[in-house]
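Starting from the structure of chain A, add chain B where the hints point.
Note that the protein sequences, when read in sequence, are chains A and B. By this note's numbering, the letter at position 34 of the first sequence is numbered 43, and the numbering carries on one by one without gaps. By this note's numbering, the letter at position 364 of the second sequence is numbered 373, and the numbering carries on one by one without gaps.
If you are wondering where the hints come from, they were derived from the structure by calculation, not from laboratory data. This structure is a prediction, so every number in the text was calculated from the model and none was measured. Any given hint might turn out to be false.
Unchecked claim - Stretches of chain B that chain A covers, calculated by requiring three or more beta carbons in the stretch to come under 8 angstroms of a beta carbon on chain A:
1. 33–39
2. 135–141
Claimed, not checked - Beyond 10 angstroms from chain B on every Cβ pair, some chain A residues (computed):
3. 69
4. 179
5. 262
6. 302
7. 347
8. 352
9. 389
10. 409
11. 426
Stated by the list, open to error - Not everything, but these chain A residues come out facing chain B in the computed CB check (under 7 angstroms):
12. 154
13. 300
14. 301
15. 307
16. 309
17. 314
18. 317
19. 343
We treat Cβ as the ideally placed atom computed from N, Cα and C, and that holds for glycine.
Below, each chain spelled out in residue letters.
There are 2 protein chains.
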Amino acid sequence: MKEVRIGLLGAGTVGSQVARILSEQNRELSERAGANLVLSGVAVRDVSKTREGIDPALITDDIERVIQEADLVIELMGGMEPARSAMLAALNQGKTVVTGNKAVLAAHGPELNEAAEAHDASLYFEAAVAGAVPVVYGLRESLAGDRINQVLGIVNGTTNFILDQMTTQGWSYEQALKVAQDLGYAEADPSADVEGHDAAAKCAILASLAFHTRVSIADVPTKGITDITAEDIEQAREAGYAVKLLAKAQRVLVDGVEQIALGVEPTLVPLTHPLAGINGPYNAIVLETEFAGRLMFYGAGAGGAPTASAVLSDVVAGAGHIAHGGHAPRESVYADLPICEPGKVLSSLQVRLEVSQQIGALAQVVQAYQEGGVSVASVRQPPVGDQEDQATLIISTHRATKNQHDDILAVLAKSPLVHKIASVMSVEEG
Amino acid sequence: MKEVRIGLLGAGTVGSQVARILSEQNRELSERAGANLVLSGVAVRDVSKTREGIDPALITDDIERVIQEADLVIELMGGMEPARSAMLAALNQGKTVVTGNKAVLAAHGPELNEAAEAHDASLYFEAAVAGAVPVVYGLRESLAGDRINQVLGIVNGTTNFILDQMTTQGWSYEQALKVAQDLGYAEADPSADVEGHDAAAKCAILASLAFHTRVSIADVPTKGITDITAEDIEQAREAGYAVKLLAKAQRVLVDGVEQIALGVEPTLVPLTHPLAGINGPYNAIVLETEFAGRLMFYGAGAGGAPTASAVLSDVVAGAGHIAHGGHAPRESVYADLPICEPGKVLSSLQVRLEVSQQIGALAQVVQAYQEGGVSVASVRQPPVGDQEDQATLIISTHRATKNQHDDILAVLAKSPLVHKIASVMSVEEG
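Just chain A, same shape as in the assembly (with noise of 0.2 angstroms):
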C-alpha cells in the first residue's frame, strides 16, 4: 500500500484523541483508505510538555515543516491565527487539508477553497459542524440529489445542555451554567457558546453547503441564551413548546426573489418536534427536503473521541484520494443566492409582556397588533400570583417580518400600560 504522511497541528483534546486513535487503530484505519497512514509529524505550542502516545520526536513547533513533510494535514489548533495561515500553506502547496476549524471556515471559507482549487488540492472539514454527526457529508455529498429548502439545527451542546437543566431542574440560566462549567461542557469564558457564535459559524457552514451560495458568519443574526429565565421555558412547556437554541436557514421567496433567510436564536420548538426530544449536549440537525422530505442527523456535537472520529473519517476519505486520484468535493457556489435582508425574514413570534391590570392593558396591546399588520393568533393571560397591579399577557402572533415585529415591539416598549417586554421568542411550528 501507497504511504500517506499525516501532520498534526495541534495536539489538545481532539488533537490528542486522533493521534492516539491513529495509532491504535492504525491497521483498521489504514485498511479503510487503502494506504498505510503514518503519522509525520506534531506542531504543537508548548514542546516541553509530554504527550502520552505520541513518539516525542514527532513533536516540534515547527507548523511549516510538519506542512512540508506531510501529504496530509489535521488542523486542530483551533482559533483564528496561525490556523488559518497554515491550511493556506498546506493547500498552496497542493497538499490534503483536514479541519474541525469553523471559526476559520465560516470567516475565511472562500480562500481557503479556492487555494484547495487552484492547487489541485482537497479540504475536508466534517468536524466543523456537530461533531461525528455526519452532516457535512451529508450536504456535501449524499443529498447531492436533492434540493434542500430548510436546515434546522440543535449544533452547539453547551447550550443544550444549560437549556435542557434549565428546563429538567427547574434552575436559572447561571446555575446551569455553573452545572456546564463544573462538568466541562462549558468553557470558563462561556460567551462563544452562550451568546450563539459558535452556533452562528456553524449555520453559516451548513447553509453554504445546503444552497451552494457563499455564506459567512457575518450574515448570520445571532441571539444567544444569556436572556433565557427558568419563567420563559416553563411558559413554554405550559404551551406545549421546548425552548432551544437553533441555527436555522431556508430557502425563502421575498420580493419575488428567491433568498436565504438566516439566523441563530432561542426557539419555541413544539414538544412534538423532532428536535424538542434532543436533550443534554447532543446535536441533530433536520433537513427539510425537495423530494426526499424531511431527514434527520443525530448525535454527540462535540468531546475528544466523537470529534476525532469525525476528523478521522476525513482522514481516511483524504488518504484514500491521495493513494488513488479524485479530491475531496469542490466548494459548489453556483446558486449564489442572495442572503435575505433580516428584517424580512418571517417569523412567528411569542411575545410575554408584564401589563398593567388597568382595563385597557389588553385592548391597547392588541390594536398595537392590529395597526402594525401583525396578526394574532392567540392572546393568554395566565393566572398570577399576588401582584394586584399587574397581569402577564402571551402573545402568539402569525407570521410576520422582523421589522413589522419590531415596530410593534417599539410602539409596546413605550406604552404606558406595558411595565415590562419580559420575553420576545421565535416559534417554530410543524
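Frame of chain A; chain B shown alone:
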C-alpha cells in the same frame, strides 16, 4: 462541462420520478456534478405504455443498447433478473452503476463489486437501504474513521406502519395490513415485507458496510411480524416497550473470537429508546460506534420521490467521478469476520405463556429456567378475566444464547401445565 450520458433501466414508480427530476432540475444537478447530465436512453418492459415526461424517442426495450450508449447506468427494474445481468454487463464495460436493488446486492453483492473493481467501474447503492436516509454513505464514507459496534434499524416502512397502526388503533395484524394495502404502503402480496425478507436484505448490506465483511441475506436469521397480535403490543406497552421489526447487526465476542451476530425480528424496544418513537412509514438507523458513540439517521424510507433523491445523489457523485476522476468507494472486506452461529447469539427474551391456574405452574416454569441455566429477570402475572382455569405468565429473562432459550421453550412446550407459548420476543435494552 463534460457530458455524462445516463441510461435508465426501469421506469416504474422510482424510475419515472428519477427521469422527471433529472429533467426538471437538470441545471442544478449538472452544476453539482460538474458535468452535463444527459438522459440517453430508457429501457422498459412494455414500450407501448405512455411515459409522461419522458421523451418517447428514448424509450426502448433493448437493455443492452441503453447500457452501451451510456456512461452511467441507473438500474431500477427491481427483482433478480434481468437486473443482475444488466448491472454485471454495465460494470464489465467499465460503466458506473447506480442501483436501489437490495435483493441483488444482498445475494450477489460480491460478484458486482468484483466486476466493478476489475473494470475500474463504480457501484453506488444509496437507494437500496432506507430510501433517502443516507446511511449507505454514512457507513461507506462518513464513518470510515470510526469502528462500528452495532447497527440497529427500522428499515422497512411497511411493517413499521402496520405495527404503528396496531399500537395506536388497537387493530389486529390483519386489519392493519388491509389498511396498509389500501394506502399503498403494502403490496398485494406483502410477504417480502411482512416476513422480514426485505429487512434481511438491507441488514446484510448494512452489516457488510459496517463490519468490512461479506454478509449475504442467507446469513441473516429472519422472523417477520405475521404472528404479532394486538395483545402482544398492548402488553409490551404496559411493560414500557414498543414492538418494532428491527434489523440487527452487532460485533460480538463468542468463544474468544470476534464475530458478527445478525438478525431480523420483532423486538421489544424501551419507550425511551430513540427507535421507539419512529412512527408510520419512516425509517431510522441507530449506529453504536466506538468513538462517536450513538448516532441516528432518520427519514422517509420508501416512496418514489425519496428513493429518487437517493438515486440522484449517487448519479451526481458518479457523474462527478466520470468527469473529474476517482470512483465509488471499493468494497471493503478486509476484516472478514466470521458470522456468529445463530444458536450462539445472546439475547434477552420476553416470553408470554398461558398456563394452568393449578398451583405449581409458576414453580415448574421457574424450575425449567433454572435447569436450563437462564436467569429470570422478572415474572409477571397480569390479572385475567373469567377464565378460571387459565393464567398468563410473562417471563423476562437475562441474556442467554438462542440455543439455551430454545431448549427451555421446548421443555415448556411439553409441560402439561403450559397450555400455550403465546409469544416469544427479543428485548433490546438501553
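Comparing the hints with the structure gives:
no.	hint	verdict
1	33–39	holds (count 3)
2	135–141	holds (count 3)
3	69	holds, 25 angstroms
4	179	holds, 21 angstroms
5	262	holds, 17 angstroms
6	302	violated, 5 angstroms
7	347	holds, 17 angstroms
8	352	holds, 29 angstroms
9	389	holds, 29 angstroms
10	409	holds, 31 angstroms
11	426	holds, 44 angstroms
12	154	holds, 3 angstroms
13	300	holds, 4 angstroms
14	301	holds, 3 angstroms
15	307	holds, 4 angstroms
16	309	holds, 5 angstroms
17	314	holds, 4 angstroms
18	317	holds, 6 angstroms
19	343	holds, 4 angstroms
In this structure, only the earlier hint numbered 6 is contradicted, and the remaining ones agree with it.
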